[in-house]
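Protein sequences, first through last, are from chains R and P.
So in my numbering, spot 75 of the first sequence is number 75, and the numbers just go up one at a time.
So in my numbering, spot 92 of the second sequence is number 92, and the numbers just go up one at a time.
Since the hints were derived computationally from the structure, they do not count as laboratory data.
Here the structure is a predicted model, which is why all the values come from computation and not from measurement.
Note that beta-carbon positions come from the ideal geometry of N, C-alpha and C, so glycine has one too.
Check each hint, because a few of them may be wrong.
[Stated by the list, open to error] With a straight-line cut-off of 25 angstroms between C-alpha atoms, the simulated SDA-like cross-links for lysine to any residue are:
hint : chain 1 : residue 1 : chain 2 : residue 2
1    : R       : Lys9      : P       : Asp85
2    : R       : Lys36     : R       : Gln14
3    : P       : Lys101    : R       : Gln14
4    : R       : Lys41     : P       : Asp85
5    : P       : Lys49     : R       : Gln14
6    : R       : Lys44     : P       : Gln45
7    : P       : Lys101    : P       : Ser27
8    : R       : Lys67     : R       : Ser101
9    : R       : Lys41     : P       : Gln45
10   : R       : Lys52     : P       : Ser70
11   : P       : Lys49     : R       : Asn100
12   : P       : Lys69     : R       : Lys36
13   : R       : Lys44     : P       : Asn41
14   : R       : Lys40     : R       : Lys71
[To be verified] Chain P stretches covered by chain R per the calculated footprint, using a threshold of three residues with CB under 8 angstroms from any CB of chain R:
hint : segment
15   : 39 to 45
16   : 74 to 81
17   : 101 to 111
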Amino acid sequence: DTAVSQTPKYLVTQMGNDKSIKCEQNLGHDTMYWYKQDSKKFLKIMFSYNNKELIINETVPNRFSPKSPDKAHLNLHINSLELGDSAVYFCASSPRQGRNSPLHFGNGTRLTVT
Amino acid sequence: AQSVTQLGSHVSVSEGALVLLRCNYSSSVPPYLFWYVQYPNQGLQLLLKYTTGATLVKGINGFEAEFKKSETSFHLTKPSAHMSDAAEYFCAVSPPSDDYKLSFGAGTTVTVRA
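Working from the sequences, and respecting the hints, build out all of it.
See below:
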C-alpha cells in the first residue's frame, strides 16, 4: 500500500560509475519530483515532471538525467558519479501542478559514493 | 528569490511541554506556507499548510501554526510534546509566482526528554 516507493533504499558505489534510482507512485498524481537532501539535511529540488513533461530543471549537472516513461514513474540516472553526489535522494509526487498542491514523499535513497 | 529561515537548528523539550518551532519567510507578497515532518529514515510528511483564509491552521498530530503577515512568520506549535514528536521539522514556502518550486528551510531537529 506504499504511496511513493523508491528503489533501492541504499546505494553504495565507486566514483565514475553510473547508477539509477527508480520511483513509482500509485496515487494517481500528475506531478513528480526529485529532491536532493545533503548531509546538513538541506533539501533542494532537482527536477519536476507533469504528465511526463519536464517542467522544472534546476541547476543540476547534466550527469543527472531524469526519465518519466509514464506519469506514475520518474527515474533518475546518474553518470560518472562523484564524491559530492553522496546524499539522500527523495522522490515526491503531487496531485497536480500548482503551489497549493502538497508533496507526498518516498522514503529516500541514500547514495554513498566512495 | 523566495527564502525561508528556521530559527534554531535544534530544539529540546520535555515530554508534556510546549513545542515551538520558528519559521520566517521573505516575500513582499504572502506565499503559501507549509510544515513538513521527517521521521528517521523516512520521507517528509505534510503536517499542515496555509494558503488563504483563516490564519490559524490546524494540522495532524496536534500541531498548529499561525500565519502572521506583519511578522512574515509561520511558527509551529504543539501544546504538549510527546516522545513520538522527536523528528526533523521543515518549513517550506511556495512563492506567488506559481513556478511550482517549493523552497525548504534548513530544518529543526526536535528531541523530547522523558
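Outcome of the hint check:
no. : hint               : result
1   : R/Lys9 x P/Asp85   : holds (24 angstroms)
2   : R/Lys36 x R/Gln14  : holds (19 angstroms)
3   : P/Lys101 x R/Gln14 : violated (32 angstroms)
4   : R/Lys41 x P/Asp85  : holds (18 angstroms)
5   : P/Lys49 x R/Gln14  : violated (40 angstroms)
6   : R/Lys44 x P/Gln45  : holds (16 angstroms)
7   : P/Lys101 x P/Ser27 : holds (14 angstroms)
8   : R/Lys67 x R/Ser101 : holds (22 angstroms)
9   : R/Lys41 x P/Gln45  : holds (15 angstroms)
10  : R/Lys52 x P/Ser70  : violated (40 angstroms)
11  : P/Lys49 x R/Asn100 : holds (9 angstroms)
12  : P/Lys69 x R/Lys36  : violated (30 angstroms)
13  : R/Lys44 x P/Asn41  : holds (18 angstroms)
14  : R/Lys40 x R/Lys71  : violated (31 angstroms)
15  : 39 to 45           : holds (count 5)
16  : 74 to 81           : violated (count 0)
17  : 101 to 111         : holds (count 5)
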